[in-house]
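Asker: Working from the sequences, and respecting the hints, build out all of it.
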Amino acid sequence: MENKNIVLEVRNVSHNFGAKYVLWDVNIDVLAGEIVGLVGPSGCGKSTLLRAILGTHPAAHGVITVHGGRSGRELKVVSKANRDCGIVYQKYTLFPFLTALENVAAGLKFDESNLFQRSAGKLMKFNFTSGKMKWSSLRKIHLEKAAALLEKLRLKDAIDKYPRELSGGMRQRVAIAQSLIMKPKILLLDEPFGALDEATREELQTMLLELYEDNVNAKRKGENPPYTIIIVTHELNEAILVGDRVLGLSQHWDSKSAGDPRAINASTIVYDSISPVFLPDQERDYSLFAEQRKEIRDFVFNPDFLPKPGEFKLRFWKQIENREGRGILSLGDKKNE
Amino acid sequence: MDCIFKLWAVKYSLVMFASLIWIIKIAFKDRRIRDALSKKEIIVLRILSLVILTSIYLFLSHRQHIINPDDSTMPAISQLAEGIRSISRADEFTNERWIVVDAKATFSRFFLGLAFTVVLSISWGIIIGCFKVWKESSVLPLVFFSFIPPTAAMPVFFVIMGTDMAMYIALIVFGTFPVLARAICLAVDEIDDEFIFKSQTLGASRCEVIYNVIFKQIFPKILDSVRLQIGIAVILLIAAEMMCGDAGFGYRIRIHYKLANMSVLYPYCAILAGFGFLLDSAFRKFNEYFCPWYFNLPARKRICYAGRINNGK
Ligand SMILES: Nc1ncnc2c1ncn2[C@@H]1O[C@H](COP(=O)(O)OP(=O)(O)O)[C@@H](O)[C@H]1O
Ligand SMILES: [Mg+2]
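Protein sequence lines correspond, in order, to chains P and B. Numbering follows the working numbering, with no gaps: position 67 of the first sequence is 108. Numbering follows the working numbering, with no gaps: position 226 of the second sequence is 805.
Calculated directly from the structure, the hints in this document are not laboratory data. Beta carbons are placed, not taken as given, at the ideal position from N, Cα and C, and that holds for glycine. Accuracy of the hints is not assured; some may be wrong.
For each label pair, taking beta carbons as the anchor points, the in silico distance ranges come out as [said to hold, decoys possible]:
(1) P:Lys181 <-> B:Ser634: 55 to 61 Å
(2) P:Gly351 <-> B:Asn875: 55 to 61 Å
(3) P:Gly351 <-> B:Glu773: 35 to 41 Å
(4) P:Lys132 <-> B:Leu765: 17 to 23 Å
(5) B:Cys848 <-> P:Lys163: 41 to 47 Å
(6) P:Arg303 <-> B:Leu765: 56 to 62 Å
(7) P:Lys163 <-> B:Leu765: 28 to 34 Å
(8) P:Lys132 <-> B:Trp601: 17 to 23 Å
Lysine-lysine pairs mimicking BS3-like chemistry, simulated, CA-CA at most 27 Å apart [said to hold, decoys possible]:
(9) B:Lys864 <-> P:Lys163
(10) B:Lys864 <-> P:Lys132
(11) P:Lys197 <-> B:Lys795
(12) B:Lys864 <-> P:Lys175
Answerer: Have a look at this one:
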C-alpha cells in the first residue's frame with residue numbers, strides 16, 4: 042500500500058490477555074486529516090486497540106506504524122508511548138496542579154527543554170535551552186502559544202483556572218488543546234465526551250468539526266491537513282456526525298470460520314465505511330444518518346448476526362477509489378499515488 | 580476548714596452544672612448540622628476557650644495555695660514568673676541563659692533530624708513508588724522497623740552512636756523514616772497510570788515524569804505527612820534528652836521534675852507546645868501558598884496570564 046498520505050498503519054494486530062484473545066487480525070489504514078469514529082459493543086476491545094496504537098500497551102502480535110513521526114526515523118514502529126500520538130481519556134486528563142494554561146504549555150515544556158536546562162535556568166540564569174534561549178523567555182513563548190490555542194478553542198475564561206474549577210466540558214476542551222499543541226501525527230480520543238451532558242457534548246462535537254474544517258481548508262491549499270483523529274464512542278450518532286469514516290470493531294462475527302481457535306470471540310474490524318460529514322456552517326442532513334445507523338447496528342452490534350470474513354462491510358477504500366468520500370476525502374486523494 | 584471547703588465545693592459544682600447546661604443549650608439550640616460561623620464568632624469562641632482554660636488553672640492553683648502556701652505543683656502567677664526569670668537569667672557559673680542553651684540544643688537536633696528524615700524519606704518513598712524492584716526488596720525490613728517502638732530501641736542507639744548529635748538525628752530518622760517513606764510510596768501509588776501515559780505522549784522523559792508529574796502531584800501530601808510526623812519527632816527527641824542529654828529541653832525538664840519544680844517545667848512545656856503549634860501552622864500556610872490547587876483555592880495572581888494577553892492584543 043503505497044500512499045504518502047497514510048499516517049497510521051495497523052497490520053494484523055491481535056492481542057490477548059492470558060489465553061483470552063480480545064483482538065484478532067485488526068487491519069486499519071488512516072489517511073492524514075481524517076476523523077475516524079470507532080464504534081463497537083462495550084468490552085469489545087476498543088480501548089485495548091487505542092492503547093496498542095498509543096504504545097503504552099503494545100499489541101502482542103502484529104505491527105503498528107505511525108508515518109512521518111518526529112521521534113526517530115521516518116517510519117516509526119510503535120513500541121512505547123511517545124509524542125507522535127496524543128491521547129485524551131474520559132477521566133484523568135489534566136494535571137490537577139497546573140492551571141489550564143500551564144497544562145496546555147506542558148507539552149511544549151517537555152518537548153523543547155529538559156529538566157536540567159530548566160533547573161539550571163532557574164537557579165543560575167543560564168541560557169541552556171536549545172536555541173540558546175533563556176528558559177524564562179522560552180517559557181514566555183510557550184505560554185503565549187498555549188494562550189493562543191486556548192483562545193482559539195474558546196477557553197479564554199479558563200486560562201488561569203485549575204482543572205477542578207472547570208466544568209467537565211471545559212476540562213475535555215483543555216485536554217484536547219493540551220494534546221493538540223504537540224501537533225501529534227494522530228490524536229486518540231477514548232470516549233472523551235462519555236461523562237458530559239447532551240448540550241456540552243454537542244458543543245464539543247462542533248469543536249471537532251471546526252478542527253476538521255481547518256483540515257479541509259489546508260487540503261484545499263495543498264498543505265498537509267494538521268489534525269488526524271480517532272474517536273472512540275458508544276454513541277453511533279456521534280461517530281457518524283463528527284467523522285468522515287466509521288470503523289466498527291466487534292466480536293459478533295463467525296469467528297469459527299477463521300480456522301484458528303484463538304480467534305474465537307475475539308474482535309475484529311467488521312465495518313469500514315465513509316460517513317456523512319458536515320462542516321460547522323453546513324446544513325446537516327440527518328436522513329443520511331438513520332440509514333447508516335441501522336446498517337452499523339446490524340453489522341456491529343447485533344449478536345445474532347455473524348458475518349463471515351468475506352461478508353464484512355469493508356468498503357472504505359473502494360469508496361475512496363470511486364471518489365465517493367466526503368469532506369477532506371473528496372479532495373482528490375487517490376489511493377495509489 | 581474541711582467543712583468550709585466542702586460547702587464551697589457544693590456551691591461551686593452547682594454553679595458549674597448550671598452554666599454547663601446553659602452552654603450546652605446555646606451551643607446546640609437551633610444549630611443546623613455543619614452550620615458555618617462568622618469570623619467574629621470564631622474569634623470570640625477561640626479566645627473564650629483560652630480564657631476558660633486559664634481561669635480553671637488559676638482557680639485550682641489558688642485552691643492549692645490556700646491549703647499549702649508553698650505548693651509548687653500548681654505554681655501561682657508569681658511563682659511562674661519566678662520560674663521564667665530563673666530560666667532566662669544568666670547562670671552564675673557559666674554566664675549563659677538556660678533557655679538559650681536548651682533551645683539551641685533541642686532545636687538544632689530537631690531541625691537537623693527532620694531535614695535528614697525528610698530528604699531520605701522523600702527520595703526513598705518516590706524510588707519505591709516508581710520502581711517496584713526497590714519496593715519489594717525493601718518493604719519487609721521497612722515494615723519491621725516501622726513497628727519497633729523507637730523508645731524501646733533507644734538504648735541501642737546510645738550504645739552504638741554515643742550521645743552526641745548523630746545519635747539524635749539517627750533516632751529521629753529511625754522513628755519517622757519508615758512511616759514517611761511508606762506514606763509517600765502510597766501517594767505515588769495513588770496516581771493513575773493515565774497521567775504517566777499522558778505525560779509520555781507530551782514528550783516527558785523518565786526524570787521529567789518523576790519530578791514534573793509525580794513529585795509535583797504528591798508534594799502537598801508529602802507536606803501533610805511530614806506535618807503529622809513532627810509530633811513524633813519531638814516526642815522521641817525529648818525522651819532521648821531526658822535519658823542522656825547534657826542540655827536541651829528534655830534534660831532541663833528531667834532535672835526540675837526531680838526537684839518538683841513545676842514553675843520551670845510549665846514554661847518549658849508551653850514553649851514546646853507553642854513551637855509545635857507554630858511549625859504546624861507554618862507547614863499549613865506553606866502548603867496553601869505553594870499548592871493552592873490542593874485546597875481548592877484559585878491560582879495565585881503571579882501565574883495569571885489572562886490580563887496580560889487581553890491588554891497585549
Ligand atoms: N488488563 C487486562 N487484563 C485482562 N483482561 C483485560 C484487561 N484489559 C481489558 N481486558 C478485557 O479486554 C476486553 C476489552 O476491554 P476494553 O478494550 O476496555 O473494551 P472497550 O474499551 O471496547 O469497552 C474486556 O473484555 C476486558 O475484560
Ligand atoms: Mg473503553
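Asker: Given the hint of 55 to 61 Å, check if P:Lys181 and B:Ser634 actually sit that far apart at their C-beta atoms.
Answerer: holds (60 Å)
Asker: Go ahead and decide if the range 17 to 23 Å is satisfied by the Cβ distance of P:Lys132 to B:Trp601.
Answerer: The hinted range 17 to 23 Å is violated for P:Lys132 and B:Trp601, with Cβ atoms some 52 Å apart.
Asker: Could you see if the CB distance from P:Arg303 to B:Leu765 stays within 56 to 62 Å?
Answerer: This hint is violated: roughly 39 Å between Cβ atoms.
Asker: Can you tell me whether the CB distance of B:Cys848 to P:Lys163 sits inside 41 to 47 Å?
Answerer: holds (43 Å)
Asker: Given the hint of 28 to 34 Å, check if P:Lys163 and B:Leu765 actually sit that far apart at their C-beta atoms.
Answerer: holds (30 Å)
Asker: Looking only at beta-carbon atoms, does the pair P:Gly351, B:Asn875 fall within the given range of 55 to 61 Å?
Answerer: holds (58 Å)
Asker: Hey, B:Lys864 versus P:Lys132, does the alpha-carbon distance stay inside 27 Å?
Answerer: violated (30 Å)
Asker: Just to be sure I understand the hint, the distance between the Cβ atoms of P:Lys132 and B:Leu765 should be within 17 to 23 Å; is that true here?
Answerer: With a Cβ separation near 21 Å, P:Lys132 and B:Leu765 satisfy 17 to 23 Å, so the hint holds.
Asker: Below or equal to 27 Å on CA atoms is what counts here, so check B:Lys864 against P:Lys163.
Answerer: holds (24 Å)
Asker: Quickly compare the C-alpha distance for B:Lys864 and P:Lys175 to 27 Å and report which way the hint goes.
Answerer: violated (32 Å)
Asker: Holds or violated: P:Lys197 with B:Lys795, Cα cutoff 27 Å?
Answerer: holds (25 Å)
Asker: How does the Cβ-Cβ distance of P:Gly351 and B:Glu773 compare with 35 to 41 Å: does it lie in that range?
Answerer: Holds, at about 39 Å.
The structure fails hints 6, 8, 10, 12 (numbered hints given earlier, in ascending order).
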